[in-house]
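Given the coordinates of chain L, assemble chain E onto it according to the supplied hints.
2 protein chains.
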Amino acid sequence: MTDIAQLQTPALLVDEQMLADNLRTMADALPGRRLRPHVKAHKSTALARRQAELGHDAFTCATIREVEGMAAAGLGADLLLANEVLDMTRLAAVAARGARVTVAVDSAATVDAATRAGLREVVVDVNVGLPRCGCAPEDAGRLADLARSKGLDVRGVMGYEGHAMVIPDLDERRKTVDECMARLRVAHEAVGGDVVSAGGTGTYAINTWPNEIQAGSYALMDTAYAALPDLPFAQALTVLGTVISTTAPAGGIPGWAVVDVGLKSLGMDHGNPAIPGGTVWFCSDEHTTWQPDVFDDVRLGDRVRVLPAHVDPTIALHERMHVVSGDDVIDVLPVDLRGW
Amino acid sequence: MTDIAQLQTPALLVDEQMLADNLRTMADALPGRRLRPHVKAHKSTALARRQAELGHDAFTCATIREVEGMAAAGLGADLLLANEVLDMTRLAAVAARGARVTVAVDSAATVDAATRAGLREVVVDVNVGLPRCGCAPEDAGRLADLARSKGLDVRGVMGYEGHAMVIPDLDERRKTVDECMARLRVAHEAVGGDVVSAGGTGTYAINTWPNEIQAGSYALMDTAYAALPDLPFAQALTVLGTVISTTAPAGGIPGWAVVDVGLKSLGMDHGNPAIPGGTVWFCSDEHTTWQPDVFDDVRLGDRVRVLPAHVDPTIALHERMHVVSGDDVIDVLPVDLRGW
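Those protein sequences? They're chains L and E, same order as listed. If you count by numbering that gives the first Met the number 0, then the first sequence holds residues 0 to 339, one letter each, in order. If you count by numbering that gives the first Met the number 0, then the second sequence holds residues 0 to 339, one letter each, in order.
Bound-form chain L, shown alone (with noise of 0.2 Å):
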């Protein structure tokens, strides 16, 4: 068995009674195809298998590579890409192999492309109040018509409400929740179809009208989603790095460290890591330079696990996951569905 004193730094780590802890939690929340777990968190089919063996064999991806790698790792029994595409070539190409592919559309183009690929599936994506893609929810009826009239089965609606997921407050979450469901509801009712999808980490317990929340932090968690105290789920994902300098306290400023862990394997966009024991200074290329509480608790070649702000940029950059039970390297999980 591998010791992370072994590993090669920067190396991912991902505590297994942690990720199966909280894949165990969500499943017991929202059981088989009420979730449909969303793989661009994670970019692994290993870990993808994982979530199907606890009965949700349904998912979401963000990426076309991801739909290709998940119908290649055989997990595609029903894909759903929650994104718009305009050239759907390699989606069609996958349908055509056996994996079942549905689509997001918001527009005629989008529609078009799905026709024009010989991509038979497809959902509205309705804006429910982040500005980003999806039709006003009084368009879905015309686009859906649009789509069933070029021979194309609309399954239903999808509308993220990716502004209400680190909402601090529960109420004001669950406020904004329901502004961006009551529009999601009025794009329904003029679509029609079986597919209600919706949510994330954040809202998975709030959000109960839609009949599938797409989720994926939750597996492995991050600072940004940890801050929320009503959630359920432990922060597995760590970067493991090695001190590599240190400079003592000298003429009244303090020791600080220096980690091998730096802002190219780590998702920056919502600011720095943390590391527990100490403050963050700030992050370099291949660095992380800290202070510790306690400058004589760290020496150099320690290992130290690093948190970092935002889960799915972070394991993007990473070629694996290194799965450990304390300081064991008991699996690996290859990031196997990184790119476009």
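Careful, some of the hints might be misleading.
It does not matter which identical chain is used: a pair holds within one copy or between any two.
[To be verified] No more than 25 Å apart at the CA atoms, straight line, and that leaves these computed lysine to any residue pairs for SDA-like: (1) K149 - T245; (2) K174 - S283; (3) K149 - L299; (4) K174 - W280; (5) K149 - D301; (6) K174 - I252; (7) K174 - A204; (8) K149 - A116; (9) K149 - G300; (10) K174 - F281; (11) K149 - R89; (12) K174 - G251.
What the hints contain is simulated information worked out from the structure, not anything from laboratory work. Here the structure is a predicted model, which means the values were calculated and not measured.
Relative to chain L, chain E alone:
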């Protein structure tokens, strides 16, 4: 010949003329070994080869993988790992295969690591003011003595004035550089050796005392460095995206567009990217939502060149760069030095 319209987006584009001009401008300013190009900026042996063809055959690396890849590509005439490493086994293996490998040391532990692994050449890394790696200037001589007593060849000193790089005012920047180099001078007087290595793109023209400059970003540039009016380098790297969704102005809210270039294809540590002719609102994993100056000028399917705020971590997210002349793809540069 491929047109960029045929590329899967997001995709890195490098403007051939700008790249050639940037490389030539720097080679004229710092010919041959006066420049030790930093490969961390582009992580591409193909691009490094172009730098070598212009006369720079000594390179700076930030990771073991970069050293291994450069040596394997036949670019191992003089590789400096400008970073501390505590397990140098892989570096020693590269050196044993014939490449010249020098590593930075800033502690007895890193000297021991070099000795233990059988690596022969080091430079003393000196803290010149950026709180990161490097020993204090007054400790450099003692560390060099220790290294020599263990049979290591101490080639000289290095010190990176990273905190000076993007000081907007040139006089202020020069003042900080001079303070830093005064520290490096103290260290070099005690250490000796032929190598005095420092600097970067922001200080290449004003840091005249070292005998080699470790600039990397100059080849491709980014919006952070482009904000310095004194630098003669053009922003050659963009991320090509496709407009996948638009929402027309309504109810006093301006119209917006969404391009499929998100925070998983952009280094985000320096903030949001820029889109000429528009204002970026925010980035999601696979999207940038932005407001075009003239909404009606933007159509679904349009190709948009997004300017990343920080080039190094942007490239690290991609598998290849497409060299373009206008809209023609004339070459592909694999990003083959990623990972650790």
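Against the structure, the hints come out as follows:
In the homo-oligomer, the alpha carbons of K149 and T245 lie at most 25 Å apart only across protomers (22 Å), although the nearest pairing inside one protomer, at 65 Å, exceeds that limit. Proximity of K174 to S283 under the C-alpha cut-off of 25 Å is restricted to the inter-copy arrangement: shortest distance 23 Å between copies versus 39 Å within a copy. Only between protomers do K149 and L299 lie at most 25 Å apart by alpha-carbon distance; the minimum there is 20 Å, versus 65 Å within a single protomer. For the homomeric pair K174 and W280, the shortest alpha-carbon distance between copies (24 Å) is at most 25 Å, but the shortest distance inside one copy (36 Å) is not.
Within a single copy, K149 and D301 get their C-alpha atoms only as close as 62 Å, which misses the 25 Å cut-off; across copies the closest is 24 Å, which meets it. Taking the shortest alpha-carbon separations for K174 and I252, only the inter-copy value of 22 Å comes in at or below 25 Å, while the best intra-copy value is 47 Å. Proximity of K174 to A204 under the C-alpha cut-off of 25 Å is restricted to the intra-copy arrangement: shortest distance 13 Å within a copy versus 56 Å between copies. In this assembly of identical chains, K149 and A116 lie within 25 Å of each other by CA distance solely inside one copy; the values are 12 Å within and 67 Å between copies.
Taking the shortest Cα distances, K149 and G300 sit within 25 Å of each other only across copies (20 Å), while inside one copy they are farther apart (63 Å). Proximity of K174 to F281 under the C-alpha cut-off of 25 Å is restricted to the inter-copy arrangement: shortest distance 23 Å between copies versus 36 Å within a copy. For a Cα distance limit of 25 Å, the shortest separation of K149 from R89 inside one copy, 20 Å, qualifies, whereas the shortest one across copies, 59 Å, does not. In this assembly of identical chains, K174 and G251 lie within 25 Å of each other by CA distance solely across copies; the values are 23 Å between and 49 Å within a copy.
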